[in-house]
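Protein chains: 2
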Amino acid sequence: MKEKLTIVKVGGAVVEDELQLAQLLRDFSAIEGRKVLVHGGGRRATKMAERLGIETKMVDGRRITDADMLEVVTMVYGGLVNKHVVAELQAIGVDAIGLCGADGDIIRSVKRPPKNGIDYGFVGDVKQVDGAKIAHFIEKNLVPTIAPLTHDGQGNILNTNADTMASETAKALAQLYDVTLIFSFEKRGVLSNPDDDESVIPVITRSDFERYKADGTISGGMLPKIENALAAVEAGVSQVIITLATAIDGQHGTIIK
Amino acid sequence: MKEKLTIVKVGGAVVEDELQLAQLLRDFSAIEGRKVLVHGGGRRATKMAERLGIETKMVDGRRITDADMLEVVTMVYGGLVNKHVVAELQAIGVDAIGLCGADGDIIRSVKRPPKNGIDYGFVGDVKQVDGAKIAHFIEKNLVPTIAPLTHDGQGNILNTNADTMASETAKALAQLYDVTLIFSFEKRGVLSNPDDDESVIPVITRSDFERYKADGTISGGMLPKIENALAAVEAGVSQVIITLATAIDGQHGTIIK
Chain A
87 MKEKLTIVKV GGAVVEDELQ LAQLLRDFSA IEGRKVLVHG GGRRATKMAE RLGIETKMVD
147 GRRITDADML EVVTMVYGGL VNKHVVAELQ AIGVDAIGLC GADGDIIRSV KRPPKNGIDY
207 GFVGDVKQVD GAKIAHFIEK NLVPTIAPLT HDGQGNILNT NADTMASETA KALAQLYDVT
267 LIFSFEKRGV LSNPDDDESV IPVITRSDFE RYKADGTISG GMLPKIENAL AAVEAGVSQV
327 IITLATAIDG QHGTIIK
Chain B
87 MKEKLTIVKV GGAVVEDELQ LAQLLRDFSA IEGRKVLVHG GGRRATKMAE RLGIETKMVD
147 GRRITDADML EVVTMVYGGL VNKHVVAELQ AIGVDAIGLC GADGDIIRSV KRPPKNGIDY
207 GFVGDVKQVD GAKIAHFIEK NLVPTIAPLT HDGQGNILNT NADTMASETA KALAQLYDVT
267 LIFSFEKRGV LSNPDDDESV IPVITRSDFE RYKADGTISG GMLPKIENAL AAVEAGVSQV
327 IITLATAIDG QHGTIIK
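The listed protein sequences correspond, in order, to chains A and B.
Quick note: to get the numbering used here, add 86 to the position in the first sequence (first position is 1).
Quick note: to get the numbering used here, add 86 to the position in the second sequence (first position is 1).
Hints in this document: simulated from the structure, not taken from any laboratory.
Treat the hints with care, since some could be wrong.
Any copy, or any two copies together, can satisfy a pair, since identical chains are not distinguished.
What the hints assert, rightly or not - Here are the simulated DSBU-like pairs of lysine-lysine, each with C-alpha atoms no more than 35 Å apart in a straight line: (1) 226 x 88; (2) 88 x 143; (3) 133 x 311; (4) 299 x 226; (5) 143 x 133; (6) 299 x 213; (7) 343 x 201; (8) 201 x 299; (9) 133 x 197; (10) 201 x 88; (11) 343 x 197; (12) 133 x 90; (13) 343 x 213.
Take these sequences, add in the hints, and give me the full structure.
Have a look at this one:
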């Protein structure tokens, strides 16, 4: 039987808020067994870009990353946010190690080609995750704390979506561990009624999803999120949990399996 | 017999210059055997601070690091410079892993108390280096690429002098390896005549140093540099080399032993 491993993805909104972040890191430290943290930092990057007079352009929620913006995300994700999170985790007894995809060549990507007239710039789509290398850190009782940056193997850092990095890392590590992937989220889980925070759907399987999609219970931005989660499950991840950032204990939210 | 390990320290001036940096990294990649890179980044930090309207204050060549400046150095050293260097090393076949002192708790420091009316702010003096942890990465054929940031174990990142980090890392690793520490420098080595670039002193021992100090051959800023190098040697480092950034092959410069 494979050993359990929990991967938690925390987004930019939580990273931005010192109190929320401290709470999330405490909850993360309480998770038993092997673990990995993947963080975003988009809001910090947007603020820093603004201070530097660099305009933030988004298309479909994705950041257009020109050379100036690449500098901003490299320093904000890889430096400001990552080292802050690592130092905070160390202070509460978690032996965190900050990594981006370039470190130890753990996550390599390819620069996204322009498509439909949109050039995302220095954005990387994940090509390969070295699960064995990441597992090596984990087996040394280190807790990989991953910033949403990858590299192309040719010397370029590329901005990469943190959700995707979490999913791809989960898939790679599912070869070696019994992986639970937790996406921290601004809602309690996937809701059957978007206006009712209590209407959390406890479990969604592929067949449930097809039904909810057909009858309109799930729509909009939740569709790709759940599709990605199901793809991770179909690639070997044991379960994906979508839950509040204050409820990452595995006992709350929607389980996708 | 201990295995050889080379630690190269590269300063902010080289890091700032793309061509010089690329050359140095190529030379670094050509060094045989186990190795570690320690980098600065002060000039980049000063430029970024300026763009953010943050004034750089130096006392005796050391940066006063208030909360705003700490943010700048954390993102510039830990993110912008470190990830750039790591990606470049990966591109030339060096399996670099970017680390600051907080990562894996490898280098812990204490905040420097104000002294003689000078408060350096968030500056850390190295307290302990976990040589075994760093060696563990080295034994996995990874090349630690260290940014000049440490942590205090209480959640705070502290700005730390890169020369000191290189020396302290060298001392800790000297327990496990036959360590050569190379300081890349703007001169060919320690000069017996500051106006003659050809007057490199090939070897300096403790007794040579005392003699050169007494007769005035070595003076000013070189004194603490050589004093630190001799202290490293006396703590077990096999040799310290002070040389040009374009001559880090161990065959040039001044050897302090």
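The hints, checked one at a time:
1. For a Cα distance limit of 35 Å, the shortest separation of residue 226 from residue 88 qualifies both inside one copy, at 17 Å, and across copies, at 24 Å.
2. In the homo-oligomer, the alpha carbons of residue 88 and residue 143 never lie at most 35 Å apart, since the shortest distance is 43 Å inside one protomer and 54 Å across protomers.
3. With identical chains, the CA atoms of residue 133 and residue 311 are at most 35 Å apart within one copy only, with a shortest distance of 26 Å there and 40 Å across copies.
4. In this homomeric assembly, residue 299 and residue 226 never come within 35 Å of each other (Cα to Cα): the closest approach is 43 Å inside a single copy and 47 Å across copies.
5. Taking the shortest Cα distances, residue 143 and residue 133 sit within 35 Å of each other both inside one copy (13 Å) and across copies (25 Å).
6. In this assembly of identical chains, the alpha carbons of residue 299 and residue 213 lie at most 35 Å apart only when taken from the same copy (29 Å versus 58 Å across copies).
7. For the homomeric pair residue 343 and residue 201, the shortest alpha-carbon distance inside one copy (32 Å) is at most 35 Å, but the shortest distance between copies (59 Å) is not.
8. When the C-alpha separation of residue 201 and residue 299 is checked against a cutoff of 35 Å, the pair qualifies only within one copy, where the shortest distance is 27 Å, while the shortest distance between copies is 66 Å.
9. Taking the shortest Cα distances, residue 133 and residue 197 sit within 35 Å of each other both inside one copy (25 Å) and across copies (28 Å).
10. For the homomeric pair residue 201 and residue 88, neither the shortest alpha-carbon distance inside one copy (41 Å) nor that between copies (55 Å) is at most 35 Å.
11. In the homo-oligomer, the alpha carbons of residue 343 and residue 197 lie at most 35 Å apart inside one protomer (31 Å), although the nearest pairing across protomers, at 48 Å, exceeds that limit.
12. Proximity of residue 133 and residue 90 under a CA criterion of 35 Å is satisfied in neither setting, with 37 Å inside one chain copy and 46 Å between copies.
13. In the homo-oligomer, the alpha carbons of residue 343 and residue 213 lie at most 35 Å apart inside one protomer (24 Å), although the nearest pairing across protomers, at 47 Å, exceeds that limit.
Violated hints, in rising order: 2, 4, 10 and 12; the structure is consistent with all others.
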